[in-house]
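> One letter stands for each residue in the lines below.
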Amino acid sequence: MKDRKPLDNEEKPGSMDTPPVIRRGKGQAGLTRDIQAKIGQQLRAYYDGLLEPTPDRFSELLRELDKSGGRETSE
Amino acid sequence: MKLDPTIRDQILAAVPSLRAFAISLCGNVDRADDLVQETLLRALANISSFQPGTNLPAWLFTILRNLFRSEYRKRRREVEDADGSYAETLKAQPSQTSHVEFQEFREALSKVPPDQREALILVGASGFSYEEAAEICGCAVGTIKSRVNRARTRLAQLLNIENPNDFGPDRATRAVLTGDDVA
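First to last, the sequence lines map onto chains L and D.
The opening position of the first sequence corresponds to residue 1 in our numbering, with each subsequent residue numbered one higher.
The opening position of the second sequence corresponds to residue 1001 in our numbering, with each subsequent residue numbered one higher.
None of these hints come from the bench; they were simulated from the model.
Please note that a few of the clues may not be correct.
Derived DEER-like restraints, expressed as beta-carbon distance ranges [unchecked claim]:
| id | chain 1 | residue 1 | chain 2 | residue 2 | range |
| --- | --- | --- | --- | --- | --- |
| 1 | L | Arg57 | D | Thr1054 | 34 to 40 Å |
| 2 | L | Arg63 | D | Pro1052 | 19 to 25 Å |
| 3 | D | Ser1049 | L | Arg57 | 22 to 28 Å |
| 4 | L | Pro53 | D | Arg1069 | 25 to 31 Å |
| 5 | D | Ser1049 | L | Arg44 | 14 to 20 Å |
| 6 | L | Asp48 | D | Lys1002 | 30 to 36 Å |
| 7 | L | Ala37 | D | Pro1113 | 20 to 26 Å |
| 8 | L | Lys67 | D | Glu1104 | 43 to 49 Å |
| 9 | D | Val1141 | L | Glu64 | 36 to 42 Å |
| 10 | D | Asp1033 | L | Arg44 | 21 to 27 Å |
| 11 | D | Asp1034 | L | Ser68 | 29 to 35 Å |
| 12 | L | Asp48 | D | Leu1012 | 16 to 22 Å |
| 13 | D | Glu1131 | L | Ser68 | 33 to 39 Å |
Note that CB positions come from ideal geometry on N, CA and C, so glycine has one too.
This is chain D alone, in the form it adopts within the complex:
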């Protein structure tokens, strides 16, 4: 079966983001590339089950995510010391910027539980809607929302991002500046 050139181009166009997602999941560029390769092989082998006109990136992300999860289960023991090893492998990636803030962010992200991390990345960085992320992860939309919220809360704690306007006059001041309702 000859691959439709349009689909091939769409697959190729999705690779950079797919790869970034894979790196965020496993924290290691080599493993991420293997995951992407395996994803492309699976996708091509099952291309007949893809319905043209539906969301190709979401389909590819689903395959990659499932591959990662099955691998993750197999490697569970190895990955469980994730706090240390994940952060370490991230340091080894070909890094563009070694800005302190980035480094801190990576380390903080590595401490967010995997379920929450993937939800946050899909919605906050890969550009999927909550509904698409729910399909990719095979769970309810509400579950994705709650995972994203928990991931953010955890990151805010880890990054020590202060809540400047919890209470008090700051909130009202800010509301004036941003045009928000204070209520």
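Isolated chain L (complex conformation):
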């Protein structure tokens, strides 16, 4: 996984994917960089708040599966 980039900076200049309407400044779809940055910041804060160290159940699960040589199917 790559390092995340700032949300307000991911649209490449000159990108042809968005129509050249309602562009204001360098924002897109009418959102300024300030707004995009604010949303990006809140989104990352929200997501980071959900990040916890890998719960034991998952490391144990992988260890068990590894020991048993993996399961054929999980259904």
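Following the hints, position chain D against chain L.
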């Protein structure tokens, strides 16, 4: 088949983000953990189809996302009142901060359509490129871009984030401060 320890470590390293993605998708920690568990089982069962050296996190996210979508279809009726129930379950998660702004953000995010929400999270929080997000979601890069844009626009509306420099002199002032071109 013995699991390559390097791959096992990479899988484990991806779990926290995978889990955060799952919680953002379904809004419920218990369901998210079940999703992650099912994802790991699938991944292990199909590990031979993973090509070492390619993007393992993206592969895992793809599995999880597909599992969620098939479950979502099954539970559609249940999930459709998402405005209320999703927001409610989010309140129940083990929350680090109960900051008002966070609460507002969660509720706003829960009102963004799922397609747009997942695109925004993958690109804006999980750290994937547009191209990777497109692969994970099985759609075109342009589709991801437009979903991300719509998600942001919707969030800006829901969060009442004002556009301080739509028109007028503020924009020029800001351009000076940030070094942006005004044009």
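> Does the Cβ pair Asp48(L), Lys1002(D) satisfy 30 to 36 Å?
holds (35 Å)
> Verify the CB-CB distance for Lys67(L) and Glu1104(D) against the hinted window 43 to 49 Å.
Given about 46 Å between the Cβ atoms, the range holds.
> So does Val1141(D) sit 36 to 42 Å from Glu64(L), Cβ to Cβ?
Given about 39 Å between the Cβ atoms, the range holds.
> Could you check the hint for me, namely that Asp1033(D) and Arg44(L) are 21 to 27 Å apart, CB to CB?
holds (22 Å)
> Would you say the C-beta atoms of Pro53(L) and Arg1069(D) sit inside 25 to 31 Å of each other?
27 Å Cβ-Cβ, so the 25 to 31 Å window holds.
> Take a look at whether the Cβ-Cβ distance between Glu1131(D) and Ser68(L) falls inside 33 to 39 Å.
holds (36 Å)
> Can the suggested window of 22 to 28 Å be confirmed for the beta-carbon pair Ser1049(D) and Arg57(L)?
holds (25 Å)
> Between Arg63(L) and Pro1052(D), does the C-beta distance stay in 19 to 25 Å?
Taking Cβ atoms as reference, Arg63(L) and Pro1052(D) lie about 21 Å apart, which means the hint holds.
> Should the hint that Ser1049(D) and Arg44(L) are 14 to 20 Å apart at their CB atoms be regarded as holding?
Since the Cβ atoms of Ser1049(D) and Arg44(L) sit about 32 Å apart, the hinted range of 14 to 20 Å is violated.
> Look at the Cβ atoms of Asp48(L) and Leu1012(D) and judge whether their distance stays inside 16 to 22 Å.
At roughly 19 Å between Cβ atoms, Leu1012(D) and Asp48(L) fall inside 16 to 22 Å, so the hint holds.
> In this structure, is the beta-carbon distance linking Ala37(L) and Pro1113(D) contained in 20 to 26 Å?
Hint holds: Cβ distance 23 Å, inside 20 to 26 Å.
> That 29 to 35 Å hint for Asp1034(D) and Ser68(L) (C-beta), does it hold up?
Because 20 Å falls outside the window, the suggested range is violated.
Going through the hint list in order, the structure does not satisfy hints 1, 5, 11.
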